[in-house]
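K.L.:
For reference, the chains in residue letters:
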Amino acid sequence: MNAVQLATVLLAWAFGVHIPLVYTVLGIIWTLPALEYASRRDGRHLEAVRGIARYLIAIYAVGGVFGTIVTVFLAGMLPVFTNLAGALLWPVWATAIAFGVAVALPLIGYWYRTLGSMSPGRHAALGFVTAGFTTVIPVMFRLVFAVVNYPAGVEVVKDTSSLVGFDLVVRDYWSLFSNPTYPPLILATLLGAVAFANALIAFVYGYRGIHPETASASRRIALSFGAASALSGVWYLVELYYYAPTMAWAILGSRPPTIPAALAQVYEPTYSLVAEFAAAIALGLLSAALLVASGRARSRALNALGIMSSIALVIDVEEVNLLAHLPYAIIPPVSAAEGLASEYGVSFALAVAKALSASTMATTLDELASFVSEFPAVLYFSMAVFALFTALVLVGIYLALSWRRPAPREAS
Amino acid sequence: MSSGLEAPLLARWLSGVGIMSHLLLASMFIGTMTFAVVAEYRHLRTGDQDWNALARTFAVIATIFLGVGAAFGTLVEFGLVVLWSNFVTLIGSGLVLPFYFELYAFLMEVVIVPIYVLTWGRFRNGWYHWLVGLVAALGALYSAFNILSVMASLSMRPPGLEIVQLPQSIGQVIRYAAVFTSPAGALNMFWWGAEVFIFHGILAALILSWSGIAGITIYSHRRSPRPYKLKALRTMLPALTGLIAIEGFVLGHLQGELVLQFDPLKLAAIEGLFWSGLRVDPVTSFLAYGDTTHAFWGYFSWPASIRPPQFLPAFYLGFMVAGGALLGAWSLGLTLYYYGLHRIRGLGWIGRIERLLVGGAPYALVLLAALASVGGAVTSEVGRQPFILVDSSPSAAGPPQVTGIPVGPGLYNPTLALTPWLAALVFAVEIAMPALAIYMVYLYLKGRAIE
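Listed in order, the protein sequences are those of chains S and U. Each residue of the first sequence is one higher than the one before, starting from 1 at the first, in the working numbering. Each residue of the second sequence is one higher than the one before, starting from 1001 at the first, in the working numbering.
Some clues are possibly wrong.
[What the hints assert, rightly or not] SDA-like mimics (lysine to any residue), calculated; alpha carbons at most 25 Å apart, straight line:
hint, chain 1, residue 1, chain 2, residue 2
1, U, Lys1446, S, Lys354
2, U, Lys1231, U, Trp1349
3, S, Lys354, U, Val1179
4, S, Lys158, U, Leu1416
5, S, Lys354, U, Lys1231
6, U, Lys1446, S, Ala53
FYI, nobody ran anything at the bench for these hints, they're computed from the structure.
Same shape as in the complex, but just chain S (with noise of 0.2 Å):
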């Protein structure tokens, strides 16, 4: 296995696990306020919002942790990749974590503590502010997302003291801003993340049998939302068909006329996503008429098989996200290669998307791949333990979910 590959499973486990997680945490931030909202006079789903909040106590955490993993193999295996991404992105990085712990953390911790000791309405706007400053933190990684696809704003400058023979320089950060990728992406994100946790209450309510009328509506916004997103994700496939070719080619399985004959070989994609892609659009149809079908018959098996196709749907989607891009960490733009070979040469704008690959990335100077090549058993023990941990992952949110508050007992 070498550095791309290992890379690329390593990534792809913790990516698996880590957006579930944190899509159930942002579409959950979202929707209890919402829920508490529409209970402000009835409160018909106040007991449900209680227990949805303390998985997202319980879960806030784990799915950051994962966040951090993330981190962690892109430094080790992808360590140009993160250094580079580190010096030029480093207000984006900066407001996330910001947000994701100085501001989202307390926040939550407080919306959590006083649940049911303010009015619903009060509460619920509390909520809604919580959600807001959470937001700030899947916008910002978004938009490292978006600079991958189509670094919108990230000058190549020829730079001969370079070894690689240019710098890349950011000169104003809100121009990221303008990534064309960007606005689906971020849309697509938000409103999936709202489906996708809606759908996962409809089902595990349903499964249970409780909660009937706030399964009803999490299964109406779970469906509306999910309509809106996989617009959203149209709308983003067509923004890669026009500015990140490689991907656009990678899912649909064929060149896009976007990019000339001759430069077919600098982009043409490691692998074809297209029965992936197939996949996804399956597994969005299949979830949909599950909800559909669980509101309307009461089955445990369907509504386990909900929950197992909506969780299925996201890792695909994620995947297919992830490894569209290779074999490049950020994909050049067709433009500026074209820009940079009339300038410069054609050998210069090679060198650039060369350099922009994930094997230059990781094979540079990569300590790890070499390590496990050495020792090929770290690989399977680690696999073995992150299959153990995932499922034990599954094990804690059951467990959160069903934990009831002891009685406090008096020590002698």
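Dock chain U against the given chain S, drawing on the hints supplied.
P.N.:
Showing chain U alone in chain S's frame:
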């Protein structure tokens, strides 16, 4: 020092305060989790419900410290990526293995600790539950083991690790790589010298946290005496005394020998050997070699550009050594007192100083442990300045040559614009996070019958 080697002072302070705050949270997690497992063990052995209640209380407190500590760890990690972005390349090129193994520890902590708390009373055989807690506590210790191995490498370059200064930078950012001469060399991150550093750090974390817990328990016991508090103190104080003795007499001594070997300049700085050239120092010689005849290179033998600050003896000799010794003595006195040994003939003097010994203990234990910890951390991390991955090699003409990667442009993010208001904001967060954890523990204890 104005060598041009260093990064902005503000960035150093941000990292320093952030790491200290994280160390406090991590130490408290290690200490409370370990005590929970010890308490549950005693419950299972004796059937005493007081121990069960103590174990459960400390398990929840550990969870609070874990939650806030993990979040804070993320802050520190991104601080590394943002402030010291070029250090990331060194991680990937040479220091990656402990970070990779840290993931196992991380998973053990973050997944198992909540399971431990949420499964209380759910196992028919309590020993299975205790095993879950033991795995969580081992996860905490293993996490410390890996991170401390990286910190050890910064002070003492592991065998086989070579620093490569690139002929040209990569994108004006990456200037150095640290590479092992063979893939198996990565395991040298855990060589015996690193293990001394690691266990010194782990014991320091336990001493800091248990001192804090013991101090608070003594305060609480004096206000409202309860048998379970006495039981806790009778377990914690002898263990604390033993740990301090091992820390000072065994690990501290070995650590000193390593400093002598790897960074004689650091030794000169922390011991206050403020002269130029070789000179016999009887005290240092006795501590290092067991005789009084050895000569040491003085601090001023090295160029000013690579000398660490001159204030280090205050932190090393004043805070760490004197503070640690006093903490050990106090803890020993308290152990004797709480076991009633002051009633034995010849030890009656312990009872006569009760007011100072026990009344002052809540403040003394916390303060002395904090001073010793801060002293140790500053000695270790500032003493190696201005380098990381420090090594020394003999020189025919003068003092040993001390080398490493400068903590400056080769590590610092060159694109970062660190303004004072931004730094002030980060400082506020760095101080607020441990305060938040302590407040959450206070709220939790307030809501329980057992305080």
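K.L.:
Which hints, by number, does the structure contradict?
P.N.:
1, 5
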